[in-house]
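Enquirer: Residues per chain, in single letters:
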Amino acid sequence: MAAAGRDEDEARRGGPEAVTPRDQDSEVARTIAELEARERAEGYDPFGFKPSMLHRVLPLARFLYRTYFRVETHGLQNVPQGRALLIANHSGQIPLDGMMIATAMLLDHRPPRMTRAMVERWIPTLPFASTFFARAGQVVGTPENARLLLERGELLMVFPEGSRGISKTWHQRYQLTEFGLGFMRLALATNTPIVPIGVIGAEEQIPTFYNAKRLAKLLHMPAVPVGPTLMMPLPVKYRIHFGEPMLFEGDPDEEDRVVRARVDQVTGAINDLLQRGLRERQSLFV
Amino acid sequence: MATGRTQRTRRTPTLVMTGITGRFGRMLARALRPDYRIIGVDPRGTAQVPQDIIVHPVDIRRKKAEDIFRRNQVDAVIHMNPTPAWKGNRAEHRSITLMGTRRILSYCQKYRVSKVIVLSSAALYGARPDNNQFLTEDAPLLGGYGFSTLRDLVEVDIYATSFFWRHPEVDTVVLRPAHLVGRLGNTPSAYLQQRYTPTLLGFDPMMQVMSPEDLILAIQLALKPGIRGVFNVAGPQPAPLSEIIRLCGHRPLPVFEPVARALLGMAAGAGAAGIPAAQLEYLKYVCMVDDTQARQVLRYEPQLSLEETLRRVSS
Chain A
0 MAAAGRDEDE
10 ARRGGPEAVT
20 PRDQDSEVAR
30 TIAELEARER
40 AEGYDPFGFK
50 PSMLHRVLPL
60 ARFLYRTYFR
70 VETHGLQNVP
80 QGRALLIANH
90 SGQIPLDGMM
100 IATAMLLDHR
110 PPRMTRAMVE
120 RWIPTLPFAS
130 TFFARAGQVV
140 GTPENARLLL
150 ERGELLMVFP
160 EGSRGISKTW
170 HQRYQLTEFG
180 LGFMRLALAT
190 NTPIVPIGVI
200 GAEEQIPTFY
210 NAKRLAKLLH
220 MPAVPVGPTL
230 MMPLPVKYRI
240 HFGEPMLFEG
250 DPDEEDRVVR
260 ARVDQVTGAI
270 NDLLQRGLRE
280 RQSLFV
Chain B
0 MATGRTQRTR
10 RTPTLVMTGI
20 TGRFGRMLAR
30 ALRPDYRIIG
40 VDPRGTAQVP
50 QDIIVHPVDI
60 RRKKAEDIFR
70 RNQVDAVIHM
80 NPTPAWKGNR
90 AEHRSITLMG
100 TRRILSYCQK
110 YRVSKVIVLS
120 SAALYGARPD
130 NNQFLTEDAP
140 LLGGYGFSTL
150 RDLVEVDIYA
160 TSFFWRHPEV
170 DTVVLRPAHL
180 VGRLGNTPSA
190 YLQQRYTPTL
200 LGFDPMMQVM
210 SPEDLILAIQ
220 LALKPGIRGV
230 FNVAGPQPAP
240 LSEIIRLCGH
250 RPLPVFEPVA
260 RALLGMAAGA
270 GAAGIPAAQL
280 EYLKYVCMVD
290 DTQARQVLRY
300 EPQLSLEETL
310 RRVSS
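Chains as they are written, first to last, in numbering that gives the first Met the number 0: chain A, 0 to 285; chain B, 0 to 314.
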């Protein structure tokens, strides 16, 4: 049944091998042109996103997506039209999981959709990076900015595990860490559907056995992972499972206990996607 | 003194304007002249102000300024403060802005002026890395940090806002416009009038600018009876700073930030009137406002496009 689902997705985009490297430029160009056509004519959205900036980012993302991680998607059609929150497990030391979800929404979702993500509040203090992130559609992570994005009908990707999830060591793979509550309050306040996403593969891309927390604190970094590949990701195969959208109703200012119960439903849905995906998986690399 | 329009049965309302001699003040006076009997108060005198507008060259802190309110039935007041480009003495700036505002607002209360508009600025919110992309009126005014001239204006804004709450009998309007750019001498215009416009290397924040024409429109709408409150006003859609510079017909000149700070420090040390280094934050971080309130309550809608607004800066 699930295998049929996979075939369906792959048939829809003609299989991952159907796009040869020679088509790369045209695939990227076509995607960006489609995206630009829907944006307003000024070239920048109010957050400084410029679709043509994707010409610089998408070729690399596409290489990682099609060739290096050979990403397989399931249930892309579950992403509703209009605003939605994409909520996924976070792993793999470097946030390539976010990049792959966003790339799936651009290259394999029809019509291509831009995924917006929130960056840390100190990102704007970095020269070049601040400009780069803004042009590539990333937004400074304040609740107000998130609300505005959703009101504009955007697709917002959030990893409620944050750095807790991404810096997990090898033996913690596919064990979800505690989810933050902010995304649920946001969903309730804006009446936004939540799409649970299970990302398989990223959890194994950079195996680490130790997180040098004390050193990380000294360096003001969220984590210092120690592992055999250093920070080089292995060419694991990514499998991204998009679950059915979940719509919650209620008071966004409810006490934590009540919001937590709703968050647990989302955590449960993501966990189900992960367990199902892991059962189906034959090999880490193929 | 009387213009032809005073012959109508209804008395032409009398409007007192401070800071009328400045370039924006003169533009505003010209725009409001058909509908108001304008009395200017500006220690700089009457230069280039249309003939039929009376300008009292008095300091608003002096008792003489009160005579204007005593002898005329004043219906509305528009109060403008010296901008951050102020080159004079620090203590004097503080005294003029704070004492002046206090006096003007107390006259409004004492002489039953029904409307007072205090022109503040959206820059007072401060450019900060963790700012919301669009700040609403209830955001704190954090712009004074490290820059005392701006801090005085923050105090003025806060004083005017508290006056609004304390005196419901006066329709107080505080306008916080985005960077006002045009053929003006204020800091943002002077900055954009440079053929090679210095920016900070690696930073290109989204920015809002507005034309004096659009601000005049907002003021005209705020003068309508019954309108009161604090309003952000912005011009056309925001754009990255580099784009704004290009639309002025100029070229961005990115400077490495430590170098820019050192140069500004040296300039300040040499006594040259320049931009304090604290102002560089506006070239680094967003300081944009949400003007929904102005659009809904004032029914304000910017008239000039971004291109038109910026074309007028350099011409």
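Hints are computed from structural coordinates only; laboratory data are not their basis.
Predicted model only: the values in this text are computed from it and were never measured.
Take these hints with a grain of salt, some might be off.
Sample of chain A residues facing chain B (criterion: CB under 8 angstroms; computed from the structure) [said to hold, decoys possible]:
| # | residue |
| --- | --- |
| 1 | PRO45 |
| 2 | PRO123 |
| 3 | GLU143 |
Far from chain B, by Cβ distances over 12 angstroms, these chain A residues were calculated [stated by the list, open to error]:
| # | residue |
| --- | --- |
| 4 | ASP24 |
| 5 | ARG37 |
| 6 | PHE48 |
| 7 | THR130 |
| 8 | LEU147 |
Ideal placement from N, C-alpha and C gives every residue a C-beta, glycine not left out.
Enquirer: Any of the earlier hints contradicted here, and which numbers?
Expert: 6, 7 and 8
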